[in-house]
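K.L.:
For reference, the chains in residue letters:
Number of protein chains: 2
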Amino acid sequence: MTTINQAQPGHFYAIGIGPGASDLLTVRAVALIESADIILSPQAEGTNRSLALKAIKPYLHGQDIQTINYQMKRDGQSTRERWQNVAQNVLTHCQAGKSVAMITIGDPLIFATTSYLLQALAEEMDPRHIQVVPGISAFQIAASRFHDALTLQEDRLLLMSATDLEAVEAALTNCETLVLYKAGGVIQELLNLLKKYQLLAAARLVSCAEQGKGDLAIDNLTDFNPSAMSYMTTMIIHCGHRNWQE
Amino acid sequence: MTTINQAQPGHFYAIGIGPGASDLLTVRAVALIESADIILSPQAEGTNRSLALKAIKPYLHGQDIQTINYQMKRDGQSTRERWQNVAQNVLTHCQAGKSVAMITIGDPLIFATTSYLLQALAEEMDPRHIQVVPGISAFQIAASRFHDALTLQEDRLLLMSATDLEAVEAALTNCETLVLYKAGGVIQELLNLLKKYQLLAAARLVSCAEQGKGDLAIDNLTDFNPSAMSYMTTMIIHCGHRNWQE
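Residue numbers (my numbering), protein chains in the order written: chain D, 79 to 324; chain F, 79 to 324.
Chain D on its own, in the form it takes in the complex (with noise of 0.2 Å):
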């Protein structure tokens, strides 16, 4: 097996650490944080914690950690010019020879903004100089919460972000589990959503799930009252069921 478990001098990591339990990183991307010269660790802009670091402390012996500030805006042209500073920076490191991880809550290439850094990156470097490490995604943790299946013979998954509710609404039809992301800031009217199709009891709310604080997992949305909710609220709603055509 061709795995590489040490980075390499002036190779790029885009490493998925899952959803913020030091246990919940696969042991690939242990070993690559734990021999990357320069670690980037994103903060949100206007906080002073990084969920991300925070992860990965256990596995941090002196290695140069580099805060990367992003934005929260949605705004896609600033998002863009953002990340095209920071890919400069990884390359003027990798150019010297550094081996450089960048961490991301979760997956990198699901809802991350870490791939608009490696949009960026593909185009000034030798894509075999990167390598993307898959990590646990929120929707993952949040299912197995509840023990029962996101997908099975025939079903379908769509994950979405909860955001544009005509999109919501269209999804119930089109899937037989439905994950929607940043569920929180949205959440009485998902409510409403789901009592007009009579699902309130197929869908499943989880909050903040194996970050460290107090979490909230809710399996039946029958009799939930919400109050103020985490941006990283996961809702999983199971529409129905495809079986196999026997």
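Where hints are given, some of them may not hold.
One copy or any two copies: either way a pair holds, since identical chains are not told apart in the list.
Unchecked claim - Straight-line distance between alpha carbons at most 25 Å, and here's what the computed SDA-like set of lysine to any residue pairs gives:
no.	residue 1	residue 2
1	K135	S100
2	K132	Q84
3	K151	W322
4	K291	H207
5	K151	D226
6	K151	D242
7	K135	Q84
8	K260	H316
9	K151	N321
10	K151	Q323
11	K260	D242
12	K132	Q209
13	K132	N83
14	K135	E112
15	K176	G88
16	K260	D226
17	K274	N252
18	K260	C317
19	K273	N252
20	K176	Q162
If you are wondering where the hints come from, they were derived from the structure by calculation, not from laboratory data.
Fit chain F to the given chain D structure using the hints.
P.N.:
Coordinates of chain F only, in the frame set by chain D:
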């Protein structure tokens, strides 16, 4: 953080071990496998190899390995009966104070037969004695080969089996990223469909990634001539993008 790292007496663990490479298990999965009394290893009937068992080989040191044969038939009734029997076996071991871990390639809740076992156990076991550990699913490792985002901004990701071609065709216009599992058996039909929708250049194909033998990763299907393909073939189709409404 209330992380239980050691398998507990009388507990059952459904453990996702990722695509097949030994270093793509999570740290938690490794700790539970190393400390479990009994490990259930799934094996498709008529074969004599277990990809899952090979993946965890570095973590074995005398645990009791029990092979669970399962049929590859698309027969819901006999599948459920088979797993009811396995559940009885698990219960007997747990009641005797043993810890039991079932290993699953990928994630135990995404198109995994382990979900049937969890369904059968849910009727007879205290849910607090059952733990599901997510694993890296095939679509994540497939996407990681190409370094480009599965979802960004308002993109919808739809994950389904490729076997129902009518449903696949409908899905092309209901998501931005379509992931098809089990694409190997219907590869020519899928290529015809992609051609019809001018999506050949937007489709990628990965077989047997991270399984320690010759894998296949094709980033553009325009000139692709398929030969016999593995059952474990994943197709990623980038149908479009939904950007933020700025």
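K.L.:
Next step is simple, just say for each hint if it's right about the structure.
P.N.:
For each hint, the structure was consulted:
1. K135 - S100: both (8 Å within a copy, 23 Å between copies)
2. K132 - Q84: Both: 22 Å inside a chain and 22 Å across chains, each within 25 Å.
3. K151 - W322: between (44 Å within a copy, 10 Å between copies)
4. K291 - H207: So K291 and H207 pass the 25 Å test across copies only (22 Å; inside, 37 Å).
5. K151 - D226: between (35 Å within a copy, 22 Å between copies)
6. K151 - D242: Within one copy only: 16 Å inside a chain, 40 Å across chains, cut-off 25 Å.
7. K135 - Q84: This pair counts as both: shortest intra-copy Cα distance 18 Å, inter-copy 21 Å.
8. K260 - H316: both (18 Å within a copy, 23 Å between copies)
9. K151 - N321: This pair counts as between: shortest inter-copy Cα distance 13 Å, intra-copy 42 Å.
10. K151 - Q323: between (46 Å within a copy, 12 Å between copies)
11. K260 - D242: Within. Shortest intra-copy distance 11 Å satisfies the 25 Å Cα cut-off; inter-copy 31 Å does not.
12. K132 - Q209: This pair counts as both: shortest intra-copy Cα distance 23 Å, inter-copy 24 Å.
13. K132 - N83: Both ways: K132 and N83 sit 22 Å apart in one copy and 18 Å across, limit 25 Å.
14. K135 - E112: both (10 Å within a copy, 23 Å between copies)
15. K176 - G88: Intra 5 Å, inter 48 Å, cutoff 25 Å: intra-copy only.
16. K260 - D226: For K260 and D226, both the intra-copy (22 Å) and inter-copy (22 Å) Cα distances are at most 25 Å.
17. K274 - N252: Answer is both; intra-copy 16 Å and inter-copy 22 Å each pass.
18. K260 - C317: both (19 Å within a copy, 23 Å between copies)
19. K273 - N252: both (18 Å within a copy, 23 Å between copies)
20. K176 - Q162: within (19 Å within a copy, 54 Å between copies)
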